[in-house]
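Taken in order, these protein sequences are the chains called A and B. The first sequence begins at 505 in this note's numbering and counts up by one. The second sequence begins at 46 in this note's numbering and counts up by one.
None of these hints come from the bench; they were simulated from the model. Every value quoted in this text rests on a predicted model; they were computed, and no experiment measured them. Please note: incorrect hints may appear among the correct ones.
[To be verified] For each label pair, taking beta carbons as the anchor points, the in silico distance ranges come out as:
id	chain 1	residue 1	chain 2	residue 2	range
1	A	Q585	B	D102	21 to 27 angstroms
2	A	K572	B	P115	40 to 46 angstroms
3	B	K113	A	N526	37 to 43 angstroms
4	B	D75	A	P544	26 to 32 angstroms
5	B	T121	A	P544	24 to 30 angstroms
6	B	D102	A	T530	34 to 40 angstroms
7	B	S72	A	L517	35 to 41 angstroms
[What the hints assert, rightly or not] As a list, the in silico DMTMM-like pairs of lysine to aspartate or glutamate whose alpha-carbon atoms are at most 25 angstroms apart:
id	chain 1	residue 1	chain 2	residue 2
8	A	K553	B	E89
9	B	K123	B	E89
10	B	K123	B	E59
11	A	K553	B	D75
12	B	K113	B	E59
13	A	K556	B	D75
14	A	K572	A	E520
15	B	K113	B	E128
16	B	K123	A	E520
17	B	K69	B	E89
18	B	K69	A	D558
19	A	K560	A	D598
20	A	K572	A	E519
21	A	K581	A	E520
22	B	K69	A	D588
23	A	K553	A	D598
24	A	K556	A	E519
25	A	K572	A	E546
26	B	K113	B	E63
27	B	K113	B	E56
28	B	K113	A	E520
[As the list claims (entries may be wrong)] Only part of the chain B face toward chain A is listed, based on derived beta-carbon distances under 8 angstroms:
id	residue
29	L88
30	T121
31	S132
32	F136
For glycine and all other residues, C-beta sits at the position ideal for the given N, C-alpha and C.
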Amino acid sequence: GNSVTQMEGPVTLSEEAFLTINCTYTATGYPSLFWYVQYPGEGLQLLLKATKADDKGSNKGFEATYRKETTSFHLEKGSVQVSDSAVYFCALSDDGGAQKLVFGQGTRLTINP
Amino acid sequence: DAGVIQSPRHEVTEMGQEVTLRCKPISGHDYLFWYRQTMMRGLELLIYFNNNVPIDDSGMPEDRFSAKMPNASFSTLKIQPSEPRDSAVYFCASSLGGTQYFGPGTRLTVL
Numbered sequence: 505g506n507s508v509t510q511m512e513g514p515v516t517l518s519e520e521a522f523l524t525i526n527c528t529y530t531a532t533g534y535p536s537l538f539w540y541v542q543y544p545g546e547g548l549q550l551l552l553k554a555t556k557a558d559d560k561g562s563n564k565g566f567e568a569t570y571r572k573e574t575t576s577f578h579l580e581k582g583s584v585q586v587s588d589s590a591v592y593f594c595a596l597s598d599d600g601g602a603q604k605l606v607f608g609q610g611t612r613l614t615i616n617p
Numbered sequence: 046d047a048g049v050i051q052s053p054r055h056e057v058t059e060m061g062q063e064v065t066l067r068c069k070p071i072s073g074h075d076y077l078f079w080y081r082q083t084m085m086r087g088l089e090l091l092i093y094f095n096n097n098v099p100i101d102d103s104g105m106p107e108d109r110f111s112a113k114m115p116n117a118s119f120s121t122l123k124i125q126p127s128e129p130r131d132s133a134v135y136f137c138a139s140s141l142g143g144t145q146y147f148g149p150g151t152r153l154t155v156l
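With these hints in hand, go ahead and build the complete structure from the sequences.
Here it is, written out as structure tokens:
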């Protein structure tokens, strides 16, 4: 079945560092890919998405490119801020039209000033 | 739009009591999902509806859990009787066109 594997956390960086959180997936068909972010005490918020191969999703300085050849959707940001501290979830959609999402286990990111 | 609304935000109850969690999806969305999040098991999909009809409840842990969606703007998740292992944050999400939008969650503590 479909699955998502994320980089093990937690990840701790200094402010202004470069961020990469790895995400790889296994899927049949052509799923859409998502990154969600969960700030402490809140629900998940959509950060960005990509719906087909080579698409790049971007938002708030974060980017991720849908790489079908490597089945990856790595999240990157050039210069992180303390306010980026959160848990990040990679997810893929069920291509069968059911609109279910399969989530990775989440990666906790802490940014130190 | 106000987004997905969940109530209550926090619930503390004693083992054996009935618990009802409520969700109002975003207007016009045709899918509704219930999730549970714990440290041990992460984010689990419990059940989802399409146009108010339950489509897949294979994630519901046992018969103590039930969910209903009587109309397009309201859904409930009920646990009866509740047990301490049900303590978790329960999220509702709705979607239209494949992107899910989550509510703020209900933190349930069963003593």
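Right, here's what the structure says about each hint:
1. Against the hinted window of 21 to 27 angstroms, the Cβ-Cβ separation of Q585/A and D102/B comes to about 41 angstroms, which falls outside the hint.
2. Restraint check, K572/A to P115/B: a C-beta distance of roughly 42 angstroms satisfies the suggested window 40 to 46 angstroms.
3. The hinted window of 37 to 43 angstroms between K113/B and N526/A holds, with their beta carbons roughly 40 angstroms apart.
4. Checked against the given bound of 26 to 32 angstroms, the beta carbons of D75/B and P544/A, roughly 31 angstroms apart, stay inside it.
5. The hint said 24 to 30 angstroms for the Cβ distance between T121/B and P544/A, and at roughly 27 angstroms that hint holds.
6. Here the CB-CB span from D102/B to T530/A is close to 25 angstroms, at odds with the stated 34 to 40 angstroms.
7. Judged by the Cβ atoms, the range 35 to 41 angstroms given for S72/B and L517/A holds: they are separated by roughly 39 angstroms.
8. Between K553/A and E89/B, the direct Cα distance comes to roughly 21 angstroms. Compliance with the 25 angstroms bound is thereby established for this hinted pair.
9. Pair hint K123/B plus E89/B holds up; C-alpha atoms about 16 angstroms apart against a cutoff of 25 angstroms.
10. A hinted pair counts as satisfied when its Cα atoms are at most 25 angstroms apart, and K123/B with E59/B qualifies at roughly 15 angstroms.
11. Between the alpha carbons of K553/A and D75/B the distance comes to roughly 20 angstroms, so the proposed pair stays at or under 25 angstroms and holds.
12. Annotation: proposed proximity of K113/B to E59/B holds, straight-line Cα distance about 23 angstroms (limit 25 angstroms).
13. For a cut-off of 25 angstroms, the pair hint linking K556/A to D75/B stands: about 23 angstroms separates their Cα positions.
14. In summary, the hint linking K572/A to E520/A is not supported, as the alpha carbons are separated by about 30 angstroms, beyond the 25 angstroms threshold.
15. Our distance criterion of 25 angstroms between C-alpha atoms is met by K113/B and E128/B, whose separation comes to about 20 angstroms.
16. Proximity of K123/B to E520/A is assessed by CA-CA distance (about 45 angstroms); at most 25 angstroms being required, the pair is judged violated.
17. For the hint linking K69/B to E89/B, the alpha-carbon distance of about 20 angstroms falls within 25 angstroms, and the restraint holds.
18. A C-alpha spacing of about 36 angstroms is found between K69/B and D558/A, which places the hinted pair above 25 angstroms, so the restraint is violated.
19. A C-alpha spacing of about 20 angstroms is found between K560/A and D598/A, which places the hinted pair at or below 25 angstroms, so the restraint holds.
20. This hinted pair does not check out: K572/A and E519/A have alpha carbons roughly 31 angstroms apart, beyond 25 angstroms.
21. Proximity of K581/A to E520/A is assessed by CA-CA distance (about 9 angstroms); at most 25 angstroms being required, the pair is judged to hold.
22. With a C-alpha separation of about 29 angstroms, the suggested pairing of K69/B with D588/A is violated against the 25 angstroms cut-off.
23. A hinted pair counts as satisfied when its Cα atoms are at most 25 angstroms apart, and K553/A with D598/A qualifies at roughly 14 angstroms.
24. At most 25 angstroms may separate the alpha-carbon atoms for a hinted pair to count; K556/A and E519/A exceed this at roughly 32 angstroms.
25. For the proposed pair K572/A and E546/A, the alpha carbon gap of about 32 angstroms is over 25 angstroms, so the pair is violated.
26. Of the supplied pair hints, the one linking K113/B and E63/B holds, its CA atoms being roughly 15 angstroms apart against a limit of 25 angstroms.
27. For the given pair, K113/B sits about 19 angstroms from E56/B by alpha-carbon distance, which is consistent with the 25 angstroms threshold.
28. Among the hinted pairs, K113/B with E520/A is inconsistent with the structure: their alpha-carbon atoms are about 47 angstroms apart, more than 25 angstroms.
29. Taking 8 angstroms as the C-beta contact cut-off toward chain A, the hint placing L88/B at the interface holds, the least distance being around 5 angstroms.
30. Hint status for T121/B relative to chain A: violated, with the closest Cβ pair at about 18 angstroms, above 8 angstroms.
31. Interface hint status for S132/B: violated, as the beta-carbon distance to the closest one in chain A is roughly 16 angstroms, over 8 angstroms.
32. Residue-level restraint check for F136/B holds (minimum Cβ-Cβ distance to chain A is 6 angstroms; threshold 8 angstroms).
In the structure shown, a violation is registered for the earlier hints numbered 1, 6, 14, 16, 18, 20, 22, 24, 25, 28, 30 and 31, in ascending order.
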